[in-house]
Structure formats: C-alpha cells, structure tokens
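Peer 1: Start from the sequences and build out the full structure, keeping to the hints where you can.
Chains as they are written, first to last, in this note's numbering: chain A, 1 to 543; chain B, 1 to 88.
It is possible that some hints are incorrect.
Lysine-lysine pairs mimicking DSSO-like chemistry, simulated, CA-CA at most 27 Å apart [claimed, not checked]: (1) K8(A) / K206(A); (2) K368(A) / K17(B); (3) K431(A) / K206(A); (4) K368(A) / K206(A); (5) K341(A) / K364(A); (6) K77(B) / K368(A); (7) K341(A) / K81(B); (8) K439(A) / K77(B); (9) K51(B) / K363(A); (10) K441(A) / K29(B); (11) K17(B) / K177(A); (12) K28(A) / K8(A); (13) K440(A) / K29(B); (14) K118(A) / K153(A); (15) K198(A) / K8(A); (16) K77(B) / K431(A); (17) K177(A) / K29(B); (18) K17(B) / K364(A); (19) K351(A) / K17(B); (20) K84(A) / K8(A); (21) K453(A) / K440(A); (22) K351(A) / K81(B); (23) K51(B) / K341(A); (24) K536(A) / K288(A); (25) K464(A) / K282(A); (26) K441(A) / K7(B); (27) K149(A) / K536(A); (28) K445(A) / K51(B); (29) K77(B) / K45(B).
For the record, the hints were derived by calculation from the structure and aren't laboratory data.
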Amino acid sequence: MNNDFYIKFNLPIDNTGLPFRGLFPDIKVPFRIEQENARYLLTGYFVSYEDWLHENDLLSEIQTNGLRRIVNSNSEFILFLFDKQRRILSVCVDQFFSFACYFSVFNDSIVFSSNFSKLKNEVMVGQRLVGDLDGLLTGILWTWHMTEKTLIKQIRVVPAGSVVEFNLEDPSSYQIKSLVDVDGYLNSIEDVKYDSLKDFASDWVKAVTEIVRRRWSKIPKGVNIGCDISSGFDCTLIAYCLSNVAGPNAFTCYSRYSDLMKDETNIEVVRKFVDRHDLRLKSIDATKPLLRDTNYSEEWSIDDPYQVTTHEQQIYLGLLKENGVRVGFGGEGGDEAYMLKGMDLFLRFGKQYNYFMEVDILKKYGAKALFTPRGIDMFLDWDRYNMRKFYPTIVSESGVFGTSCSQEQYNAHGLRLMNPFLDTRLMALGKNMPEVPGKKKWELKLELMKGLKDIFVEEMFIPKKGSPEHTYVNFVLNQRPLIDSVLNSSILAGIGVIDPKQIASLLDDPTSELYKEPNVAIGLETLIKLDWFFQKNDIHSFG
Amino acid sequence: MTYSVNKDAIIFLDIDKENSYHTIAYDYKSEDVVAIRPLEYRLLKYVFENKFVDENQLQEFSVNNPDIDEFGELISKLVGKNILLANE
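Peer 2: Spelled out as structure tokens, the structure:
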C-alpha cells in the first residue's frame with residue numbers, strides 16, 4: 001500500500017464534474033475531502049491546524065473568500081476545485097509543500113501525480129523527454145528554490161502556496177499564481193521583547209507543545225504514531241512535546257544510527273534521552289548504506305533522479321512500516337526556526353537570497369575542481385534568476401524541500417510525515433528570539449537549548465565531532481567503475497558543465513580535495529547521479 | 001585605488017525596478033544578508049556598470065547625487081562588508 005495519487009483527465013470533460021469524484025485513496029490524515037454544491041466540486045486532502053477553519057466548512061470558505069485565506073493558514077492540503085460554470089479546474093497546494101503535485105498536459109489530457117516517476121513514465125510514452133536546464137543546475141547544487149520547474153521540461157509541479165488554473169477549453173495555457181501573502185504575514189507578527197533567552201525558551205517550548213498538540217489531535221484514533229529521534233535537539237524536542245500532549249505510550253520513537261554518522265546520531269545519547277522521559281525506542285543500524293559499496297549500477301533506479309531509494313532513509317522507513325506506523329513526526333525545519341533574524345529580507349527577496357546560497361554552495365563544492373569555467377558561468381548567469389518566477393514561502397525553503405522529498409519516500413511506504421516546525425505561528429515567535437552579544441544567528445539555537453537542560457541530556461551539549469558527510473568519500477572510493485562509465489557518456493559534459501578529464505584527474509589524485517573535503521565528494525556524487533538519470537532516460541536536449 | 005562590485009555579494013535583476021530598487025546583498029563580515037536601499041543601489045549599479053571606478057569618478061558621482069549623505073562613510077561601509085571591493 002502507498003499514499004500516492006495518480007489522476008488522468010481525458011478531455012473534453014462535461015459539466016457534471018463526474019471525473020473528479022473518487023480520485024484520492026484514504027490516507028487517514030490529512031482527511032479525504034469531497035464537497036459539492038451547484039457551482040463547485042471540491043476534492044483532495046485537507047487538515048487544518050487552525051481554530052477558525054474546519055474541514056467540513058471548506059467549500060463555503062472557498063466560495064466566500066477564495067483560496068487565499070486557507071493558503072495562508074496552518075493547514076496541509078491539496079485541493080482540486082472544479083468550477084462547473086466557468087469550466088476552470090484549480091489545483092492548489094498548501095504553503096508547506098506537504099503535497100507534491102506534479103503535472104503535465106499532453107495528448108488532450110492533463111495528468112497529475114504525487115509521484116514524479118509515475119508521471120515521467122506516462123509522459124515519455126510517445127514523446128522524447130527534454131531536460132530543464134535551470135532544474136538541472138539547481139539539482140546539482142541542491143539549493144532548491146520554490147519553482148514550478150522540475151528536471152524535465154514537460155513536467156511541472158504546483159509550487160507551494162500556489163494555485164494552477166486550467167481552462168478546460170485550453171489546458172496547456174494554464175496560469176500559476178502564488179497566494180502567499182508575505183506582507184500580510186509580516187505585518188501580523190506581534191513584536192515581543194524578551195529580556196533573556198531563558199524567558200524566551202519557556203514560551204518556545206509552550207508554543208512547540210501547542211503546535212504538536214494541534215497536529216496530534218487531528219490523528220484518528222487507532223492510527224499508529226511514530227516519532228523520529230536522533231541525538232540532536234529538533235526531533236527530540238518534538239518527541240518531548242508529543243509525550244506531554246499524548247502521553248509516552250501513545251507513540252514510539254524510531255532512530256537510525258551508525259558509528260559512521262559520528263555524533264549526528266549517537267545511539268547511547270538517544271537511549272539516555274528516551275530513558276529520561278520514559279519513551280519507547282526502536283532503532284536500526286544504518287551503517288551499510290553509508291559505506292556506499294553496493295552495486296549502484298544495478299541498485300539505482302531510472303525513476304528516481306536523486307536515487308534516494310538507495311539511501312539510509314529506506315532502512316528507516318522499512319523499520320516504521322514493519323512496526324505498523326502510519327504517521328511519523330519529524331524535526332525537519334528545526335534549524336531554520338532559530339535563524340529568523342532578518343526574515344523580512346529573505347522572505348521578500350527570495351531570488352536574490354537563492355543566488356547567494358548558490359554562490360556559497362559552489363564555493364563549498366570547490367567549483368573550480370568539479371566544473372568547467374563555462375559551467376560556473378552557467379550556474380551564476382543572472383539571466384537564470386531573471387527568468388524565474390518568484391513564489392515566496394514563509395517557512396524555510398530548505399525545510400519545505402526536505403519535507404517534500406521525504407514525503408515522497410514516506411508516501412511510497414504508505415506513511416505520512418508531520419513536521420511541526422513548519423508552522424507560521426512558530427516562525428512569528430522565533431522572530432522575537434533575543435540576540436546574544438557575540439553570537440551569530442546560527443549559534444543561538446545551542447544557547448537557547450542550554451536553558452532547557454531539564455529536557456535534554458547532558459551529552460547533547462557536547463560539541464559534535466563530525467557528521468555523516470564524510471561518508472560521501474566512500475562513493476568515490478567504491479564506485480569508480482560506475483563513475484567512469486557515466487563520465488564516458490556524460491550528458492553534463494555535452495552541455496559544457498563538466499569536463500570528464502578534469503574530474504578523472506581529481507579521482508586519480510589521492511591528495512586532491514575530492515578525498516579531503518566532503519562537500520566536493522557530495523558535489524561529485526550529485527552530478528554523477530543526475531548525469532546517470534539523464535542518460536538512462538535518454539534525455540539529451542535541454543531547454 | 002579603484003572600486004568594483006563583488007558579484008558574489010549582490011545580484012542586479014529585472015525585478016529590482018518592481019521593488020523600487022530595494023534589494024539585499026550578502027555581507028561577508030556578518031555572514032548574513034543586509035538591506036540595500038535605493039541610494040546604495042544607485043551607487044552599486046553605477047560602479048557595476050563601469051566595472052572599475054576610481055576615486056575621481058566616485059567624487060563626480062557624489063556631486064551628481066547630492067541626496068546621498070555621508071558618501072565617504074557609505075563607501076567605507078560597503079567596502080567593510082565586502083560588497084564593494086577596493087582594489088589597490
């Protein structure tokens with residue numbers, strides 16, 4: 001069983017709205033919605049974490065106020081709204097990107113799916129796939145920005161907080177509009193002055209507890225709940241808050257660990273934390289995938305551009321599934337929730353902010369080591385940014401994309417991920433976090449956590465000795481034949497982004513930065529995966 | 001001494017006009033983004049369009065833009081943040 005939806009509308013469609021009924025499988029939460037009146041038919045999934053909005057009142061809310069208020073609320077949804085009178089189909093997803101909705105218009109049909117691969121396989125019947133150059137360059141850098149683009153030109157995705165309107169008389173001329181109201185949100189934030197981080201910490205825990213309670217209270221009775229846990233602060237805080245609202249026996253904590261993860265997940269620390277709070281724990285050793293020593297040329301999927309199915313997340317999701325979990329709480333977006341100083345700038349100037357992130361990641365990748373001068377020019381070409389549409393997000397884009405990518409994997413296992421840190425009320429409070437003289441904004445989280453020593457165990461405050469990033473070097477060490485074979489037919493070389501000879505010389509030199517700097521190895525693995533994906537899907541032209 | 005714009009720290013886009021020439025730059029000193037006001041934008045765009053400008057050109061720009069107060073301090077601030085590069 002999985003949570004994916006796949007919907008194909010063959011045109012023309014009459015005014016009865018008949019093809020829009022019974023489209024979505026029941027995934028328990030968010031709730032399956034089907035509401036209708038003389039003018040509209042509304043279907044999809046919806047759950048609201050707001051007092052003012054109830055799932056049963058959805059159609060009347062939309063008929064009165066349009067989609068804007070619900071997009072700017074703390075709700076998770078994907079909605080298909082069919083206007084029988086105007087023959088317009090509107091497809092809208094929430095501002096947290098908790099539902100990916102890929103779509104394509106071709107051969108007198110519109111196809112939608114939560115699963116990129118299923119849609120790709122349908123689109124490539126009878127037409128040659130074309131790569132999206134901006135999608136590819138963004139994919140190499142992993143600096144996702146909210147966009148309608150994917151890696152493939154013929155496939156688009158509904159951007160978070162946006163609506164796509166299809167006139168059924170001419171569906172290929174669809175319109176995409178963002179409904180996220182950044183100014184309205186920023187103007188609504190109350191300024192609260194805190195005298196100390198300790199005072200703020202107390203309100204912070206209350207607020208996180210409240211947003212966890214709102215989510216937990218929506219989960220139907222009998223649905224098995226899990227909570228991700230590591231030796232970091234984010235998911236442990238969520239587990240603590242969930243235990244306070246639901247009781248320690250209402251859920252089980254799940255952890256993947258390995259010595260190779262260094263201190264990212266130290267299972268001894270995790271055990272101390274769960275013992276302190278009387279939580280239940282199940283764990284799994286995730287060392288094997290971190291070695292990156294399996295036969296990737298067999299294991300990699302032609303349907304999965306990022307090859308996430310080969311990663312340790314699969315082991316973790318298998319553990320959840322084995323234990324009957326249907327809803328998993330997580331801590332994605334936690335880091336960003338403590339770095340909101342200046343948020344009005346990065347919310348309003350998202351294109352520019354993304355450019356700085358790409359400059360930064362290129363430096364970390366050691367741009368000159370991996371890419372040609374022409375490739376670097378392509379990454380940083382200002383026209384690439386000029387041509388992008390801007391879809392603002394209030395919660396962090398990295399948290400949103402992390403969640404969306406994970407959600408696709410959760411869906412495949414019939415699971416649903418809940419990330420309470422993706423909540424605009426929490427962002428509003430986070431903006432009021434007091435500064436600490438001499439500390440940069442990314443250092444404030446640790447300072448704040450020091451005020452919460454009754455929640456966390458002592459060992460969590462010991463500075464980390466490393467992270468799993470170093471394991472990417474294993475890809476270089478163990479996958480040389482695959483790397484050589486991809487480079488021999490490289491599509492990225494064909495468009496001038498890389499030079500295989502330049503990369504071969506890096507690989508041949510054991511003293512090169514490839515073996516010393518994990519970020520360079522991450523960059524190499526990413527570009528090899530993407531090159532492999534384009535080769536296997538016979539994608540040679542880009543637009 | 002000549003000045004140039006650090007292309008890693010600022011990007012000029014078509015959307016700037018729509019934003020009334022308010023934008024952001026990356027401040028390499030604080031390692032964070034900072035607001036760029038229209039008058040700073042005007043100066044940075046002038047330097048960028050000329051690739052390199054010397055102190056005489058900056059002086060001339062200052063005379064032609066009398067609404068920019070404390071011009072010298074502004075230059076120092078932008079240089080301090082590595083948004084404007086001072087080349088020996």
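Peer 1: Hints broken by the structure, by number, lowest first?
Peer 2: 1, 2, 4, 6, 15, 17, 18, 23, 28
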